[in-house]
Amino acid sequence: MDTYQLIILLLDATLRTSTPLILAALAGMFSERSGTINLALEGMMLGGAFSAAAVAFYVGSPWVGLLAAIATTIGLSLLHGFACITHKGNQVVSGMAINILMSGLTALVGIALFAQGGKTPALDKASRFQPITFPGAEAFRDVPVLGPIYSELLSGHNILVYVAFIAVPAAWWVMYRTRFGLRLRAVGENPGAVDTAGIGVVAMRYRAVICSGVLVGMSGAYLSTAQGASFLQDMTAGKGYIALAAMVFGKWRPFPALAACLLFGFLDAAATRLQGVVLPGIGEVPVQLVQALPYVLTVILLAGFIGRAIPPKALGRAYVKER
Amino acid sequence: MHQMHGAGETGAVQPAIELRGIDKRFGAVHANKEIDLKVDKGTIHGIVGENGAGKSTLMSILYGFYQADAGTIHVDGKLCEINGSEDAIAVGIGMVHQHFMLVETFSVLENVILGVEGGAVLRDGVEKAREELKRLEREYSLNIDPDAKVGDLSVGLQQRVEILKALYRGAEILILDEPTGVLTPQEADHLFRILDTLKEQGKTVVLITHKLREIMAATDNVSVMRQGEMVAHRKTAETSPEELSELMVGRKVLLRLEKGEANPADTVLNVDNLCVDNAQGVRKVKNATFNVRAGEIVGIAGVSGNGQSELLEALGGIRSASEGMVELNGQDITPGKGVDAAELRRRGVAHVPEDRHRMAMVTAFSAKEAAILGYEDDPAYQKGVLLDWHAISEATANMMSEFDVRPNNPDLKAANFSGGNQQKLVLAREIMRDPELLLVGQPTRGVDIGAIEFIHKRIVAMRDAGKAVLLVSVELDEIMSLADRILVMCDGAIIGEVAASEANERVLGLMMAGVDPNEAKAAEGQA
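Residue numbers (the numbering used here), protein chains in the order written: chain A, 1 to 323; chain B, 324 to 850.
Derived from the structure by calculation, the hints contain no laboratory data.
Where hints are given, some of them may not hold.
[What the hints assert, rightly or not] As a list, the in silico PhoX-like pairs of lysine-lysine whose alpha-carbon atoms are at most 25 Å apart:
#1 A:321 / B:780
#2 B:472 / B:356
#3 B:401 / B:534
#4 A:88 / A:313
#5 B:472 / A:251
#6 B:582 / B:401
#7 A:313 / B:472
#8 A:321 / B:736
#9 B:522 / B:558
#10 B:558 / B:534
#11 B:451 / B:472
#12 B:558 / B:582
[To be verified] Residues from chain A shown here face chain B by an in silico Cβ test under 10 Å; the list is partial:
#13 181
#14 200
#15 238
#16 292
#17 295
#18 298
[Claimed, not checked] Sample of chain B residues facing chain A (criterion: CB under 7 Å; computed from the structure):
#19 408
#20 412
#21 414
#22 425
#23 443
#24 447
#25 449
#26 605
#27 710
Bear in mind the structure is a predicted one, so any value in this text is a computation, not a measurement.
Every residue, glycine too, gets a C-beta built ideally from N, C-alpha and C.
Bound-form chain B, shown alone (with noise of 0.2 Å):
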């Protein structure tokens, strides 16, 4: 049976949230096997496990959003039956969801009262709604204009918007599911100073993350699910990364990557005063001034939304180039004049883009089809006009076990195997074409902690074997733990750079919110 804590400890104190027996299918999946779980009144209880172990399914069951197939939710000690949002916060359960479900037209204030509006005529209940977001704002510091439009408000604000709808609604128990995936360092550390609040106010809050620095620095006590199971509950005073990783993925992993010092040889990649705008005319690259040498990997981090994504489309031929050259070996490559992804990849660019199914892959295809894209005209694929299936089932299963994509079944739909398989196939595809360039987005977003670790040892391969790698991801410890050298883009701009020896995450987190690099190593150094 599995340990616990707490509430049986001591006996006296109600825990805020009981599950037992919880249970869920999705078809085929076993999201959530048989799980218990109990939450502290008036602490912060974090859940990890990598994706897909079944913590966002498990909550939003939590929230009424699913329905268990199996098993009982009580609240302060009742037994609730929760079948919908409404009854969730009828018990005072709030949750603040990974994406964010505001309404972006609507002002702050219209999206706190939707749904409890206080009459069928708006102007009755608003003003006293009015009242209430101003001693909750000062409650809790939120720092939030009421008649702000929600769509005009930084990513941070929005979702202290999502916390101010459940204060709103009288939410005791709070959920936050990957609350800092889309926050800089600082956002992130003023979540949690939120979040202290709460708990000194009474509240219980329940933090899902799969970043343990998140669960050591927040948490008071931790439950790790692995496979839609519930594997462990610590104290987190008790545990350690090492220990919690360890449970997450059932055996031992690498946390810091090990690997050698670079040797950057000649420049392959230069780009000089790239600018690149968006269908609408707005310039969402800036000036960008950078090289790539032979044997390094550049890291470009920023807070998701601020170009890189743009920077790499342009430099992977998807997007022209408004300003600017880019040269790779010396010849020029700018991307729009003639030189278009097809172009680039012949000359030995080559590029994983950040958005696997919107992007790298179709999922509708068999997984061969899936691994010639791009290079489906290579004459190794050919048999007169026609492809050569043969030969292209051969060459996937190669890339599949050079890879380690599991199932190694070339006749499988892409769609149907894990975010981590699809990446690794994509990254066979590129890699193995054996290019000058890599362009990389988001290597292991989506992807669960295993197949990161071989993904990045791919990588730097890659770079000990002598090839320019760019890296584009917005997780610093991705950046961190990869790169020779960091840039930072903030609203376009490449505002600075870093070496890798020299980064931490508060340095880099300044950066990306847009400090100067120079005071952000000052404002470091006095730290």
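So that you can see chain A by itself, here it is in the shape it has in the complex (with noise of 0.2 Å):
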């Protein structure tokens, strides 16, 4: 295989990994920008997944397994919101809540439904998102250069990597060019200031982490019914907390946090593809150290070399009139 076509299948492979850390990193932005932790990305992400794969199993339409992992995912927000924003809980500790919960309740139900050691049943081809064919691809594949980027690259994913890769200049508009934007980042930074402009802080907060209960929703039904066709249990391996670490290192923004979610899919996808290479002067690459290195860049960057991330001022924080 001639390198050319090596990088555009890495690149290829690089965009369907990088989707649903996309979406949970826009979910997370949404969360954290005003003000509410969402450590539970990695379990409403699970949830997510397990909801969209059973139903998607007894409907045999992936759109209602979608729309399920939402109401789920949005179901997870205002619990956890209910804690932190309601009930001005810790943040963290709910967070880690709902994902020991989800961990343990996605494979309980999964046994109880289906009794595959929790497992869903595999999905039919009619039960998943298919690849989305470009008008000419085939006609284009043979084109040089242009040909594979058109035919391989763009076209032939699923709906939901589109939708992923549309929602981040959505995401951008919505949060710096509309009013909702503005009191979002507004709630996060100083919920003072939006309480005595006569806007309601919990309700804002909840809008919020509503938002980030459809993106993350949207991921966790990719993972199952989009990239995968079924639910295998803890299928997310720490993806919502890669999503997170994203976020974060694209400084809460989205263009930079698509960024972080493109080079860590890029990582995945070069640690399966480097999978038994021999490369000239370093031998066989130990598959688990390409795998670590999300993990390792996220610790080094964060350390210094991107800046400091500076966290919107009010995260964390649940709003207490001061006396």
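Both chains are given apart, each in its own frame, so use the hints to dock them into the complex.
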């Protein structure tokens, strides 16, 4: 296989591996920009993945599965909000509690419903999101250089991949160009300013976590009904945390977060691709090393290479009117 | 009944605001007791009272931040139900809070339009808002760039953004809560000019403060609050600072501290070229050189955030020096090189930090635990490997009676004492060790007038006992009445020294704003 082909395939895989990260990172951004730490992304993604796979299996439609996933994650977001916003609980503890809860609950319900050791039954073609082939993709395939970009890299992904990439500029627009975004950012920086401007802080923060729920629900559904064909126990495997890291890495901004997700997605794709490959001078690359790279990178880069990431000022603090 | 004036006398004009029987409790604290208040249209109305008298609570009720338990609010003669800020805004009330309600990462424009964006998509409202802002700025000469990031603006300008916010929302009544606490005297003067302009335009201004000077200079009418009650209403022209302070405290107080001449002896503290960096590597104290002799009080004046805190913390051993040297009675005590706060305490340096709750005490501790913090390894407090609680209780009771800490109960939780009594306990802990050098920061912040008087007397007594005292305070009145020599800090550097006898607010204010001391004095000469 020539190098160009290899690069195209690697980038193609990158788009697929980074999609759930992008959706979840945007989800985290909506929540955290409003002042609520969302460590629960991991658990919500898992819950969304399970609901999508289970419902898609029964109904036979990935779309209904997607709606089920979003409903689940909105529910979990409201639970997180109820603990953190209404009752001013510790946001980290609430997030971790949801993660632990969902890890156990998805397996439990999975075993109870399907008796396949926590898995959901494999979905048939009609119950999954199918690749969308762009018009003329086959015809263009043999055009040198541009052909593979169009027909391999851009065409042939399922709808959720495109949604994720469109969601980034959309999130940017909402965040920076609308009234809702202005208020959302304000409530995460100084809720007092929002309150004295006559806007309800609690309602604003709930709306933000609901947005978060919608996005993370899509990322969960992607794992089990688009990228995969069933739910597997703990199938998120830390993707929620990676997405959170990408969001921090991107300084709570949509486009830099996208870049971080692509980088992590690329490393993931490369890890698969490099399995067993012997590199000159280095020998066989231990795949664990490549898999560990996103985490190592996060630590190193956050330690100062990207400049100080300044979180929203009121992040993690419930709003209490001062006396 | 309370003596009323204004609308009642003229009869024709409706008061802009009328509060009737406002009552508010926070748990056991009765913050507002049956408050009646009338504010005439087109006047500047001052509300004075000690900290904790209930002024801010009352205004927060008016602005809808809290809801009153009883009583009614009338705006322009109409009964209003104010259940939230949005209701207050709707009837034309605007508020400039003591702690600014601004989003620092936003531009001035974004801050102003927050809540009144004029459409779901920002673009629609922004251009209209920009025009309106320009008009308001011109009208009230506020001098603010609408695109500047609020976090980059000085405190004085941030305050003007708050005023702009209120005006943009169409406020006819503007409430300012302790607006000058963070300003230089010049910035404060500018603020009062702005308030005068507002008044000329027919707006009504309510000014909450505990500074009588400002009341006398800026207001038309004044109401006095004490312990949650409205105790008097006066026309400013017909009252005096003495009468007001008496009304505030409920008894006569000394406004000017009476103290004798200082008799400075040998140099106790010698600071040479000291530089201090913060955690981000920003130089906060730049080449500070000065000394403090036995038997004198040296005051450090400056607008909050100009390096005084870092200087004090370095001398107290909780920050390291980056450059320079500090000597105590000729011995090197440069902070950082094996010299920490504990070592300094052993050598006779007592430190009363600026922030009582964050650094000076643990409010969850009992008074006796708080009273031995930093000295807990004193042999007098030990019994074998255990603490001798009996001795500690006795020592604490002694401190409490010596410094008039009320209630005199060593077992009471520190948080349950008033600010003044907490501060007196901290001072007792430090002063009663009989230190060579007393470092004291903001000794009377959040402290009532009665306690201020007591604390000031004890600090002067330290001086008269031949000890060296370094005082850091942002209250110019405090610096001028206590210090024998005044150093002024601006942007981390000590930019000049003024003898207390030559000091006045104008000169100090100019120096605090960074004007060279000689120029400042010359400017004063011309004035």
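Exercise. Should the hint that residue 449 of chain B touches chain A count as held when the rule is a Cβ pair under 7 Å?
Worked result: violated, 10 Å
For this session: Please verify that hint: residue 295 of chain A, Cβ, nearest Cβ of chain B, below 10 Å or not.
Result: Residue 295 of chain A check fails; min Cβ-Cβ to chain B is 26 Å, beyond 10 Å.
Problem set entry | Hint validity - residue 443 of chain B Cβ closer than 7 Å to any chain A Cβ | Constraint on residue 443 of chain B satisfied, holds at 5 Å.
Exercise. Is the hinted pair residue 582 of chain B and residue 401 of chain B satisfied, with a Cα-Cα distance of at most 25 Å?
Worked result: Judged against 25 Å, a Cα distance of about 53 Å means the pair is violated.
Exercise. Does residue 472 of chain B pair with residue 251 of chain A here, judged by a C-alpha cut-off of 25 Å?
Worked result: holds, 18 Å
Exercise. Taking 10 Å as the limit, does the beta-carbon of residue 298 of chain A come near enough to a beta-carbon in chain B?
Worked result: Hint violated; residue 298 of chain A Cβ to chain B Cβ min 22 Å, cut 10 Å.
Problem set entry | chain B contact restraint on residue 181 of chain A - CB to CB distance below 10 Å | Holds - the Cβ of residue 181 of chain A comes within 10 Å of chain B, reaching about 8 Å at its closest.
For this session: Assess, step by step, whether the Cα of residue 321 of chain A is no farther than 25 Å from the Cα of residue 736 of chain B, and give holds or violated.
Result: Roughly 24 Å between the alpha carbons, so the hint for residue 321 of chain A and residue 736 of chain B holds.
Exercise. Is residue 558 of chain B close enough to residue 534 of chain B, meaning Cα to Cα at most 25 Å?
Worked result: Holds, at about 17 Å.
Exercise. Minimum Cβ distance from residue 710 of chain B to chain A below 7 Å?
Worked result: Given a least distance of 33 Å, the restraint on residue 710 of chain B is violated.
For this session: Could you grab the alpha-carbon distance between residue 88 of chain A and residue 313 of chain A and see if it respects the 25 Å cut-off?
Result: holds, 17 Å
For this session: Hold the hint about residue 414 of chain B up to the distance rule: shortest CB distance to chain A must be less than 7 Å.
Result: violated, 12 Å
Checked against the numbered hints listed earlier, the structure breaks hints 1, 2, 3, 6, 12, 15, 16, 17, 18, 21, 24, 25, 26, 27; every other hint is satisfied.
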